[in-house]
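Asks: Chain by chain, the residues:
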Amino acid sequence: KQEVTQIPAALSVPEGENLVLNCSFTDSAIYNLQWFRQDPGKGLTSLLLIQSSQREQTSGRLNASLDKSSGRSTLYIAASQPGDSATYLCAVDTGNQFYFGTGTSLTVIP
Amino acid sequence: DGGITQSPKYLFRKEGQNVTLSCEQNLNHDAMYWYRQDPGQGLRLIYYSQIVNDFQKGDIAEGYSVSREKKESFPLTVTSAQKNPTAFYLCASSPESRNEQFFGPGTRLTVL
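Protein sequences appear in the order of chains D and U. With the working numbering as the guide, the letters of the first sequence map in order to residues 1 to 110. With the working numbering as the guide, the letters of the second sequence map in order to residues 111 to 222.
Bound conformation, chain D alone (with noise of 0.2 Å):
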């Protein structure tokens, strides 16, 4: 079955700095990986999605990668701000069905 983890599970950084979010999966037979962020007590906001075929797609100040190898993606989110601060969820897609990481709290002090 295939697992999700992403590392750290919480993470604060000064306004303006560039951070990096880990997920990694065991199973690299997937067919999509998608990055969502989720505030409090909300449902989830799609922010990229990534193709098993692509290497990263960018939006804005994100960016995310995959190695489906390696069974790795990351999110790069750029010049961070304070209404970045919400919890970022990667899922990949088997086929069947989207498999979710726990997330990572992120919060961006002014």
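Heads up, a few of these hints could be off.
[Said to hold, decoys possible] With a straight-line Cα cutoff of 25 Å, these simulated SDA-like cross-link-like pairs (lysine to any residue) come out:
1) U:119 with D:39
2) D:1 with U:148
3) D:42 with U:138
4) D:68 with U:119
In short, the hints are calculated from the structure, not lab data.
Mind docking chain U on chain D? Use the hints.
Replies: Quick look at chain U alone, frame taken from chain D:
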């Protein structure tokens, strides 16, 4: 506006009662999903449907039931057989399976 709606936002249930959570989407998506989220755990799949009148069990389907009579709607019933139903329930949809998922705002169910 296109999107996914879930109702109610908060739901309280007495032990032994069945309750139904609503999920509606106007995105014309074929696939719909129900997840459960508990503190400290990732989302876990309860049921999913790739087409009208068809659905499959996820990892934690016991104590839950669903229907998919219309493309836009995928209601989830939490039955009295679900031993620990207090959780945050999230509905999602995608244009087809193996594609980007979009989520609703969630329903928080509390059993009293």
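Asks: Confirm or reject each hint.
Replies: Status of each hint after checking the structure:
1. Between residue 119 of chain U and residue 39 of chain D, the direct Cα distance comes to roughly 15 Å. Compliance with the 25 Å bound is thereby established for this hinted pair.
2. For the hint linking residue 1 of chain D to residue 148 of chain U, the alpha-carbon distance of about 20 Å falls within 25 Å, and the restraint holds.
3. Simply put, residue 42 of chain D and residue 138 of chain U have alpha-carbon atoms about 23 Å apart, close enough for the 25 Å limit, and the pair holds.
4. Between residue 68 of chain D and residue 119 of chain U the alpha-carbon distance is near 37 Å, which puts this suggested pair outside the 25 Å criterion.
The structure fails to meet hint 4 from the earlier list, while all remaining hints are met.
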